[in-house]
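**Q** Listed here are the chains, written in short residue letters.
There are 2 protein chains.
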Amino acid sequence: MRKRYLMAPGPVAVAPDVLLKMAEPIIHHRSPQFSAILEEVRGGLKYLFQTRNDVLVLASSGTGGMEASVANLCAPGDTAVVVRGGKFGERWAELCEAYGVRAVNVDVAWGRAVDPADVAAALEAHPEARAVFVQAHETSTGVKHPVEALGELVRPRPETVLVVDAISALGVYDIRTDDWGLDVVVTGSQKSLGLPPGLAMVSVSEKAWALAERSTQPRYYFDFRRERKALGRRTTAFTPAVSLIIGLERVLARVREVGLPALFAHHRRLAEGTRAGVRALGLSLFPEAPSEAVTVIRAPEGIDGQEVVKLLREEYGITIAGGQAQAKGKIFRISHMGHLDEWDMLVALAAVERALHRLGHPVELGRGVAAAEAWFAGAAA
Amino acid sequence: MRKRYLMAPGPVAVAPDVLLKMAEPIIHHRSPQFSAILEEVRGGLKYLFQTRNDVLVLASSGTGGMEASVANLCAPGDTAVVVRGGKFGERWAELCEAYGVRAVNVDVAWGRAVDPADVAAALEAHPEARAVFVQAHETSTGVKHPVEALGELVRPRPETVLVVDAISALGVYDIRTDDWGLDVVVTGSQKSLGLPPGLAMVSVSEKAWALAERSTQPRYYFDFRRERKALGRRTTAFTPAVSLIIGLERVLARVREVGLPALFAHHRRLAEGTRAGVRALGLSLFPEAPSEAVTVIRAPEGIDGQEVVKLLREEYGITIAGGQAQAKGKIFRISHMGHLDEWDMLVALAAVERALHRLGHPVELGRGVAAAEAWFAGAAA
Numbered sequence: 001m002r003k004r005y006l007m008a009p010g011p012v013a014v015a016p017d018v019l020l021k022m023a024e025p026i027i028h029h030r031s032p033q034f035s036a037i038l039e040e041v042r043g044g045l046k047y048l049f050q051t052r053n054d055v056l057v058l059a060s061s062g063t064g065g066m067e068a069s070v071a072n073l074c075a076p077g078d079t080a081v082v083v084r085g086g087k088f089g090e091r092w093a094e095l096c097e098a099y100g101v102r103a104v105n106v107d108v109a110w111g112r113a114v115d116p117a118d119v120a121a122a123l124e125a126h127p128e129a130r131a132v133f134v135q136a137h138e139t140s141t142g143v144k145h146p147v148e149a150l151g152e153l154v155r156p157r158p159e160t161v162l163v164v165d166a167i168s169a170l171g172v173y174d175i176r177t178d179d180w181g182l183d184v185v186v187t188g189s190q191k192s193l194g195l196p197p198g199l200a201m202v203s204v205s206e207k208a209w210a211l212a213e214r215s216t217q218p219r220y221y222f223d224f225r226r227e228r229k230a231l232g233r234r235t236t237a238f239t240p241a242v243s244l245i246i247g248l249e250r251v252l253a254r255v256r257e258v259g260l261p262a263l264f265a266h267h268r269r270l271a272e273g274t275r276a277g278v279r280a281l282g283l284s285l286f287p288e289a290p291s292e293a294v295t296v297i298r299a300p301e302g303i304d305g306q307e308v309v310k311l312l313r314e315e316y317g318i319t320i321a322g323g324q325a326q327a328k329g330k331i332f333r334i335s336h337m338g339h340l341d342e343w344d345m346l347v348a349l350a351a352v353e354r355a356l357h358r359l360g361h362p363v364e365l366g367r368g369v370a371a372a373e374a375w376f377a378g379a380a381a
Numbered sequence: 001m002r003k004r005y006l007m008a009p010g011p012v013a014v015a016p017d018v019l020l021k022m023a024e025p026i027i028h029h030r031s032p033q034f035s036a037i038l039e040e041v042r043g044g045l046k047y048l049f050q051t052r053n054d055v056l057v058l059a060s061s062g063t064g065g066m067e068a069s070v071a072n073l074c075a076p077g078d079t080a081v082v083v084r085g086g087k088f089g090e091r092w093a094e095l096c097e098a099y100g101v102r103a104v105n106v107d108v109a110w111g112r113a114v115d116p117a118d119v120a121a122a123l124e125a126h127p128e129a130r131a132v133f134v135q136a137h138e139t140s141t142g143v144k145h146p147v148e149a150l151g152e153l154v155r156p157r158p159e160t161v162l163v164v165d166a167i168s169a170l171g172v173y174d175i176r177t178d179d180w181g182l183d184v185v186v187t188g189s190q191k192s193l194g195l196p197p198g199l200a201m202v203s204v205s206e207k208a209w210a211l212a213e214r215s216t217q218p219r220y221y222f223d224f225r226r227e228r229k230a231l232g233r234r235t236t237a238f239t240p241a242v243s244l245i246i247g248l249e250r251v252l253a254r255v256r257e258v259g260l261p262a263l264f265a266h267h268r269r270l271a272e273g274t275r276a277g278v279r280a281l282g283l284s285l286f287p288e289a290p291s292e293a294v295t296v297i298r299a300p301e302g303i304d305g306q307e308v309v310k311l312l313r314e315e316y317g318i319t320i321a322g323g324q325a326q327a328k329g330k331i332f333r334i335s336h337m338g339h340l341d342e343w344d345m346l347v348a349l350a351a352v353e354r355a356l357h358r359l360g361h362p363v364e365l366g367r368g369v370a371a372a373e374a375w376f377a378g379a380a381a
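So the protein sequences, as listed, match chains A and B.
Using our numbering, the letters of the first sequence map in sequence onto residues 1 to 381.
Using our numbering, the letters of the second sequence map in sequence onto residues 1 to 381.
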């Protein structure tokens, strides 16, 4: 039996006690027992999202939550500003196209963070924009977009909402839904929460509810209004993914116990230690404004990033992620989300060193690991 | 620790080995290992659906599969014939309304099966109908609709498809997708497959694909075309519910091993034995054409069916289901789906006897159980 490591930025490794919790006998979703769990989840999500808004839970992957946002907030023919700086920014644009929403794209080079001034200019040119769609963290490039600054731009506009895909950001680093004026925030189960994929969670502000009441888009399964009504009855509109919600209750209880600051510090620590190793190897990061969710490393000259990923998976039993679309082959990505600790980061660095060595890139075996170890030990130079 | 029994028609009891299988470490969805699992699932679903069509797997509850069918097959302004004889028939009509599809409702009294002649008349009156939407088994009433006969009506119409919600029918009794001309068949994970909720599966015929290519409805997450394209690359369009698909592979392997006839015989046996007990108690079934998925019992005069359900749940640790909407209080429902056997049916009958006794309905304790036991033993009078 080969030991396997999952260090991709979603799906992530799930803690064994959470796996076993979800393996308990299924309970019926229309029961006082399940309603009590849902109430716990509801409170836990408000804490996680740093919001007083209700957070809806959908049985879908994160993309379902993104689609729900477009369909509930924008009517056909509406205009929306889309920050497009990676695969998931492109997904916002594709969703707008699918729903007949005119996307004003603010294009950002992959690896760069959006300049709020560019979004401000788009909003000046299109005051009729119903929404601004953005990623808090663009998983495909490892970039953090400045959503707090965007909140300041959008807040004074009574008819425009800010919609943040925080699928790989929420729970990783500080995202203040209410304080920053983030009208809609979307996350998924398979990132910082460390659950299997299959749940999307969406917080909705009062400003966003007003649009949801007005949108003429066809929707049913992803209709915010149905879910809010159901939540009032301590249930869900449709059969929920019961086992994942049981897992969610467990994970959220732990989040409240350790507290958000500790959670953020954990991700920061894994990211910084890993990056000390990356630097020691003479490698560079791909993103300009890197997030704590994932370390995205530029493949060195002459090395195909996909080959690094393949070697790790096939030879060493370690799953990291490569690049997607235009970044394919140019980068590889090591997750800091999920059931991982600093020892795992040493493993990842050792595997990367070995793969680069094997592929003919000059590397001193152990150098990155040593640097990371020193960083984690608080003994970095 | 109280022992608990789940005997509602979805979510259902999941076998412990399947729960533990799904508790194994999560694997990445873009990997050869997951692709191989998906290929097994693909073959297993074709066997289960009795089809050569591709079966798409969506991360959603069954309603997501129903919505996908409406959105992919009907354009706004299209006409569709809807068989409406229970809560899920009403859901088809609601979906049509949400998508601007004109529903010609064939209303059927709750508890009755649709008369194919009524559907034929609706099709005569509306030859432009793009689809006929129907349940194979209407879970809210326990009725089987004659989908084979409807297949004969729809097959000769080149521009009309038959869409069957078989969420609580597929795997329970014989549903021949290809032989009967069922263009789209929808099922869910939390019924006969005995998995937790969170997956919808949809088979799509060539005739239906032609409509899907043509539909102008907005759709993205539920876009059949995206999923078919992904399937060709041995993957899914969006992050799949990995743990549920691992469970699905396990369950489908077992279905192929025992064979569909044995699976159908199992459900029939549980249903018939239970009904021998029901008759012995002087109780009657609610549906005219009962399915093998669930036994739906009419609450006796003066007894509130909801009280029966509540007593079982709160006092005896046994979850069955009550009636919904207009059937609320009038019926209670015992599932034959999920990880249940004939001994469980004796438990359910004993609990029903005790609850009726407790609620003041004259009942001879043990009479229903004895009759069911005799039936199961092959010793029925």
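Since the hints were made in silico from the structure, they are not lab data.
It should be emphasised that the depicted structure is a prediction, and the values quoted were computed from it without experimental measurement.
Some clues are possibly wrong.
You can't tell identical chains apart in this list, so a pair holds if it fits in one copy or across any two.
Claimed, not checked - Simulated pairs of lysine-lysine, DSSO-like, Cα-Cα distance not exceeding 30 angstroms: (1) K46 x K87; (2) K3 x K207; (3) K46 x K328; (4) K207 x K328; (5) K229 x K310; (6) K21 x K330.
**Q** Now tell me, hint by hint, if it's right for this structure.
**A** Hints versus structure:
{"no.": "1", "hint": "K46 x K87", "in the structure": "within (28 angstroms within a copy, 33 angstroms between copies)"}
{"no.": "2", "hint": "K3 x K207", "in the structure": "neither (49 angstroms within a copy, 47 angstroms between copies)"}
{"no.": "3", "hint": "K46 x K328", "in the structure": "neither (37 angstroms within a copy, 34 angstroms between copies)"}
{"no.": "4", "hint": "K207 x K328", "in the structure": "neither (39 angstroms within a copy, 37 angstroms between copies)"}
{"no.": "5", "hint": "K229 x K310", "in the structure": "between (47 angstroms within a copy, 24 angstroms between copies)"}
{"no.": "6", "hint": "K21 x K330", "in the structure": "neither (39 angstroms within a copy, 36 angstroms between copies)"}
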